[in-house]
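Visitor: With chain A fixed as given, assemble chain B onto it according to the hints.
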Amino acid sequence: MMELYLDLHSPPCRSVFLFAKAVGIPFEFKLVELATGQQYSEEFGKVSLMRKVPVMKDGSFILTESVAILKYLVQKHSSSVADHWYPADLQQRARVNEYLSWQHMNLRTHGSKVFLLRALFPVIMGSEVPKEKMDAAVEDLNQSLKMLEDYFLQNKPFIIGDKISLADLVAVVEIMQPVATGLDVFEGHPKLISWRERVKKAFGEKLFDESHEVIMKVSSLPHKMQNNSELEMLKPKFQKIFS
Amino acid sequence: MALELYLDLFSQPCRSVYIFAKKNNIPFEFKTVSLMNGDQCGCEFQKINLIKKVPALRDGDFRLAESIAILLYLADKFKTPDFWYPADLQQRARVNEYLSWQHSAMRLHGCRIFWLRVLIPKGLGMEVPQDKLDAALEDLNNSLKLIEEKFIEDRPFIAGDNISLADLVAIVEIMQPVGAGLDVFDGRPKLSAWRDRVRAAIGTELFDEVHQNVLGAKDNVKLMDATTMAIFKPKIKLFM
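Those protein sequence lines, which keep their order, are chains A and B. Once you know that position 184 of the first sequence is 184 in full-length UniProt numbering, the rest is easy, because the numbers rise by one and skip nothing. Once you know that position 198 of the second sequence is 198 in full-length UniProt numbering, the rest is easy, because the numbers rise by one and skip nothing.
For reference, chain A alone in the conformation it holds in the complex:
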């Protein structure tokens, strides 16, 4: 059976998890606990040199990068996966690819930064986040959300039009990251709220909430990390992001 190495604290892991579950692709969930530095273990190193999640292992074929994994799953299960997830139509597919490409250094980067600053800065750096830094990160996130609304969604129900695709999936899991820290990023964006509800409905609320269960409990994360011997090893990596 296909193995998915995941930690649902990670947005790219959630997109792969949600997709596989939604379209009924069976897999074995292999937990890689990021808070305790499991991605740096010798065992995980044998799976992936990249030391990141998600990772897919399909027989002897190992694949990293959630976007690549999602496209692999669509292609492999093309007979059972509905076309709208990654349309065969040239222009619609291009719209999905455009979003999947843009999001890496925009919504993903800025959503993650806000999350890390709010959830982990104090425990890593031993002090509160400087206001300037926090404001700048939130401003960047807002710019990305504006682009999502004004350019990618416009007046359509979903990014490609009438139906959900990989683009909406990848977008929503990234937005949920800062939301999990108690920051209501949807406030003031009624269009995004309606879109989010449509995406939730497309997956089924139960599945959507299930995949977001651990991240919504993020307030317990600093405590977990504090008590963990790997914290000293993880600190420099975070400090770089925070500088």
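Everything labelled a hint here was simulated from the structure, so no lab data went into it. Ideal Cβ positions, reconstructed from N, Cα and C, are used throughout, including at glycine. It cannot be assumed that every hint is accurate.
Unchecked claim - No more than 30 Å apart at the CA atoms, straight line, and that leaves these computed lysine-lysine pairs for BS3-like: (1) A:Lys52 / B:Lys132; (2) A:Lys52 / B:Lys190; (3) B:Lys47 / A:Lys156; (4) B:Lys235 / A:Lys146; (5) A:Lys57 / B:Lys150; (6) B:Lys53 / A:Lys240; (7) B:Lys145 / A:Lys237; (8) B:Lys132 / A:Lys240; (9) B:Lys235 / A:Lys131.
Stated by the list, open to error - Residues from chain B shown here face chain A by an in silico Cβ test under 10 Å; the list is partial: (10) Leu50; (11) Leu57; (12) Ser67; (13) Ala87; (14) Ala93; (15) Asp139.
Guide: Leaving out everything else, chain B in the frame of chain A:
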């Protein structure tokens, strides 16, 4: 109306799109967007691309941004040879894996080096702290190490025996730090051999023609005028 490609060959993603279109004899109109002149901020260009970035494509009424999306669109529309984006499940996955990873790795670190070594000191006339330069170089070296050890490994090209979009996107990004005066191939025989194969597969004339501008950057980038500075200055925070 012919397909239009809005490009500035100083930009790595523009180079990959240009090389791909030329190599595959895809007919297009080259629409120059001069980044140093701030063309990307102009009203005219915004009608083409709200994201205000190059490359951008216009095909009749259809507009598209993001080089990866453009490359995949061109490959599909013009039915380019299979090796560029193999139909084979696993080979295609290898290409997609690289194309995804590179955004926040090779591309980011290559860009940063170019900004820190050329655009900020020479274009903006600002000093760059040594510790920032050192950190950027370390990140770049880590990316190059992963390219050699994981993406190329022991294969001629990233996806196997033939060049693909992965190698094309990789090489144009690797050439950016070279344009900043950093010989990233020195001491990396595996990477050098791969580069030679990629350059030969693309065609040495096309490869060299496309990289002319950026290879002269170190010597040719001059202090920007006030208008251009105003466009570039806000971006410094991305890199410093």
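Visitor: Now tell me, hint by hint, if it's right for this structure.
Guide: Going through the hints against the structure:
| no. | hint | verdict |
| --- | --- | --- |
| 1 | A:Lys52 / B:Lys132 | 25 Å, holds |
| 2 | A:Lys52 / B:Lys190 | 25 Å, holds |
| 3 | B:Lys47 / A:Lys156 | 20 Å, holds |
| 4 | B:Lys235 / A:Lys146 | 18 Å, holds |
| 5 | A:Lys57 / B:Lys150 | 16 Å, holds |
| 6 | B:Lys53 / A:Lys240 | 28 Å, holds |
| 7 | B:Lys145 / A:Lys237 | 18 Å, holds |
| 8 | B:Lys132 / A:Lys240 | 11 Å, holds |
| 9 | B:Lys235 / A:Lys131 | 21 Å, holds |
| 10 | Leu50 | 5 Å, holds |
| 11 | Leu57 | 9 Å, holds |
| 12 | Ser67 | 8 Å, holds |
| 13 | Ala87 | 9 Å, holds |
| 14 | Ala93 | 5 Å, holds |
| 15 | Asp139 | 9 Å, holds |
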